[in-house]
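Visitor: Could you build all of it, start to finish, from the sequences and the hints given here?
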Amino acid sequence: MCYTLFLILFFKLYIMRIFLMGDKMDKIKVKVFGNPKVTKNEENITFPFKKAGALFYYLIVNKQATRDTLVNLLWGGSDDKTAKKNLRQAMYKIRKSFDTDIIISPRKSIVMINPDMDVQIDLSDFMEQKIDLKEFYYEEFLKGFNVKDGEEFEAWMINYREYLNGMYISRLKEKIDGEDNIPYLKKLIRVDEYEEEAYRKIMLAYGDQGKFYKAEEIYEKLRNILNEELGVEPEEDTKKIYDEILLNKSLKEMSKRKEDFFYGRKKEVEILTENYKLFKKTKELRGVLLYGEAGIGKTKLREYFVGNFIDNKNVIVTNCYQAEESYILKPWNNVFVKLLEIIKATNISIPTLWNNIIGSIFPDFMELDSNYHMIEKIDTLKWQVIEDTMVSIIKKVSLYEPLVLVFEDIQWMDTKSLTLLENIMLNAKNNIYIVATSRSGYEKLERLINLSVNHEKIEKIQLKNFNKMETSEFLQEAYRDYEWNDTIYDKVYHSTSGSPFFLTEVINSIKQNNNVDYMSSKAQDILKNRFLDISKDALDILNIISVSFDNVNIEMLRSIGQKETIQIIDILEELQTRGIIKEVIKNSHIEFAFTHQKLREHVYNSMSNMRRKFFHNEIGHIWEKDLHKDKRDRFLYPKLIYHFKNADNKIKYLKYKALNLDVYMNFSHELFPVLKDGNIENEYVTYLTDKEEKEALDELEEEIRALNEEKYHLKEVKEINMRFLHMLGRDLIREGQYEKGIKAIEKIIYLATENENPDYAIKAYLQMIYYGIKTNDCKWMDKYIKLAMDIAKKCSYQKDLAILLRLRGVERMMVGKYDEAEEKLKQSLQIFEKNDGYKEKYILNRAACYNYLGEIRRQNMKFTSALYYYDVSIAICNEENISRSFALFNTNAGQAALDMGDYHRAKEYLKEAIRHYERLSIIWGRSIASCYMSLLYVIDGRYKKALKLFLEGKKYAKKLKSPYEMGIYNRVCAEIKMKMNTNKELNDIFKKAIKKDLVEYCKEGISHLEKLSTPYEINILKVFMKNSGDDFQ
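Every position in the sequence shown, counted from 1, becomes a number in the working numbering once 1 is added.
Worth double-checking, as some hints may not be accurate.
As the list claims (entries may be wrong) - Here are the simulated PhoX-like pairs of lysine-lysine, each with C-alpha atoms no more than 20 Å apart in a straight line:
(1) K719 <-> K780
(2) K960 <-> K1012
(3) K109 <-> K94
Claimed, not checked - What follows is a set of in silico ranges between Cβ atoms, one per label pair, in the way DEER data are often shown:
(4) L427 <-> E230: 48 to 54 Å
(5) K28 <-> I570: 53 to 59 Å
(6) I591 <-> V233: 43 to 49 Å
(7) L427 <-> L952: 28 to 34 Å
(8) I226 <-> Q568: 19 to 25 Å
(9) K241 <-> I591: 33 to 39 Å
(10) K64 <-> T40: 17 to 23 Å
(11) E880 <-> K28: 57 to 63 Å
(12) I349 <-> E584: 28 to 34 Å
(13) S441 <-> E230: 41 to 47 Å
It should be emphasised that the hints constitute simulated quantities derived from the structure, not laboratory data. Backbone N, C-alpha and C define an ideal beta-carbon position, used for all residues, glycine too.
Guide: Okay, structure coming up:
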């Protein structure tokens, strides 16, 4: 009776507790497939000992059990009293781990999972068949979980594991006879690698799809498993299917060869096949370069060779276009898109830093890192680092999968792309085969050709026109039904000079008109004859295709041609039958292009100028709709520039030319950019040299000047001017041409004010503030911070306000108002950290605030406290894989450690700083790192290394023209000079670099530093002077 009353009271209290909890019920998730995992409200639950975990998982699976069952399962070797005590203790520990009654005992003999708890179990979805087998990744039950002295539990776990495994296999087998069965067959093979029936079915499925190489791979995988693990061969039924697949593959290739006529080039084909055989045998990087004049048959030979002799599934074909010759790395975009597919399919692990670097150039790579939005853009990396990373990724992928890289018309490659190709030839060792085609007579290819030949890696094959005999044989083979004779052979050879392209056009002309007399003796007239009887509708379609330098899709033809889709398809099929255009499969979509560039050029040049401009403008507007408003647009800019330039749409042309240049410009002087914003401090990878930047800016300035004379009053033109002036001003300030840079920024302020453009006004004011920081002009900074803050508050620009508060904190610190500086920095941090979107996007601004809090303490000679804040900012960089300001933060920390006398720690910080400076193109703080490291090397007696770093520090200090960095440079000069006076060896090495006397360096240093708010380094220089006997007044 008492026990019954107790139960009634227990349930009343329990129900009351549930009622009071309301919607705040805990969410518990349990994963038993694979390595087990338990979470409560997204926080991991750990069990204090293995048997507690075993008890929980057993109850999760069975829902409830008797106490006797659980005691025998886990403590069968103990006496009854001890075992039951252990069970009670385990139940208590589990409840304590969850901080809730996850396990209850409604009756004395029963233990169960609380049915009123919200417990989600992956096993339940599997048992209730709520999962999609195609997407579900099956792992064994409680993988890696074991219990010491728990034989009964282990036996239960293994039996249940086998039960689940059998159920999973049974469900897969229900699916493998239907359509789209390959995913299920792959999963079946993964869990039962000896199931030959599954191998046979997947081989047949791939064979039906024409994917013979995949079927061959599956067979080889099975054969290797059986041979290595069981010492047997596949069953006869499996071998029979394999033989049928090889036969079908051969038949398809023969059919293809019959359809695709190819004549001659026997010698060249022999060279190509021997070259590829050598690659297959040695696995070492090799390749071929096919070169010759336009129309000589390079592409035809390349297609024949790759299609018939290269048996690699990873063939990546890239076309280079003349219209894209000046656009950096464009040919490699397609290569890295395909590499991304291989990486994902093969589960190749790529380091996060590589992802970030490549993702900043080829945005598709962002897919590999779900946290990319939290990572700083690699905006100031030197080209060498970018190039090395690209080569490293190609090399890594080739370790897993052999690659065949095919480049058409490499004479149109940009210089950086060619350099990258050279680097691959020199540094990639294995599993890469390169096939390239090029026209003759391009000087920029000479280095590549000589390099490849000298290293015996690339075979150079020059193609020439057919001779008279070969021309006759070509005509006979190409059109056997025509009655050829010597007179016709002579006439054709005379008109074509044996050019394969024009010979093909002769054949096409004869087939169309069935009369050789219809063919003119001039090669150009041969082209005209190809288009004489083409309908107006078909010619309209050809005109549109000719305007695009690469391919077009049906949607574009429908949009511009104003015809129904079915009508366009009919026209395209007619043109394909005539051999004028061809289908091109691009990312699983069908596009269309001319079968030869000469045909495209003929159609394009036959159009009126007015019609060409119209089509260019229309296509340009269509491409505009594909813009993403982010870094991916850099691959659309070349198309937009090409079309709007040829459309004579000057405003659109210069708009996108300016945007494109903004991508390539080296804006590496600003500190602490946002990560993904596009407004204030948005920077990009370093692509251009200083000379290339200047030439590009000069050219753009000239074109904008001409536009201004015609249409300066238009708003769009003024925005182009502001964008250009922003690039020009930043670049001039970076180069130390402050007067010219300031004039450019002042023009932006005038235009932004006149046109009520707050975004560009803030951009301009920020440039002025950065200039003030560089030159330590605090009054200047104060003026422009106030102006920018007024706009930010008026427009409710919170992110800009946070950045400006940080900059106000810097300005207050520079004038010695340290309490006010700390207040502003903390206000900035509060905005950055309060908003989740800002917290991720403005990571580096947050790190900068901590850095400046460290600077405040360093200036007050609280070095230990300063190092704490520097370490926080460095930790943020490390945690988020940010390299951008890692160098500066380490420089500041190294300076603090040196001045507190901890030379060992200073050396570690400064080494890290210099290592990162060498990878980046920024100079801010670089002279300090180099000079102080030079001083430490002097202290260590490594004088030659010290001199090298000293000269680097001097160069950067003079380039930046910062009073503080010039002051530190003189402070290091003074200290080294002091040591030179008593060290002959040091004096001999440094005497040409440090010529003035000690006092002069001290006075110059003090003169620079006095422009600031009395930094403590002044006192150090005064002590040096006093020790030299010259007291400073």
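Visitor: Taking the CB of L427 and the CB of E230, does the distance hold inside 48 to 54 Å?
Guide: Given a distance of about 41 Å, which is not inside 48 to 54 Å, the answer is violated.
Visitor: Look at the Cβ atoms of I591 and V233 and judge whether their distance stays inside 43 to 49 Å.
Guide: About 46 Å separates the Cβ atoms of I591 and V233, which means 43 to 49 Å holds.
Visitor: Taking the Cβ atom of I226 and the Cβ atom of Q568, is their distance within the range 19 to 25 Å?
Guide: Hint violated: Cβ distance 55 Å, outside 19 to 25 Å.
Visitor: Just to be sure I understand the hint, the distance between the Cβ atoms of K241 and I591 should be within 33 to 39 Å; is that true here?
Guide: Roughly 36 Å apart at Cβ, these two residues keep to the hinted range, so it holds.
Visitor: Could you tell me whether the CB distance from K28 to I570 stays inside 53 to 59 Å?
Guide: 54 Å, holds
Visitor: Between the beta carbons of I349 and E584, is the distance compatible with 28 to 34 Å?
Guide: Check passed, 32 Å falls within 28 to 34 Å.
Visitor: Below or equal to 20 Å on CA atoms is what counts here, so check K960 against K1012.
Guide: Holds, because 18 Å separates the two Cα atoms, which is no more than 20 Å.
Visitor: Against the 20 Å threshold, does the CA-CA distance of K109 and K94 hold or violate the hint?
Guide: Since the Cα atoms of K109 and K94 sit roughly 19 Å apart, the hinted pair holds (cutoff 20 Å).
Visitor: Is it true that K64 and T40 lie within 17 to 23 Å of each other by Cβ?
Guide: 20 Å Cβ-Cβ, so the 17 to 23 Å window holds.
Visitor: Straight-line Cα separation of K719 and K780 no greater than 20 Å?
Guide: 30 Å, violated
Visitor: Taking the Cβ atom of E880 and the Cβ atom of K28, is their distance within the range 57 to 63 Å?
Guide: Since the Cβ atoms of E880 and K28 sit about 28 Å apart, the hinted range of 57 to 63 Å is violated.
Visitor: CB of S441 to CB of E230, is that within 41 to 47 Å?
Guide: 55 Å, violated
Checked against the numbered hints above, the structure violates hints 1, 4, 8, 11, 13; every other hint is satisfied.
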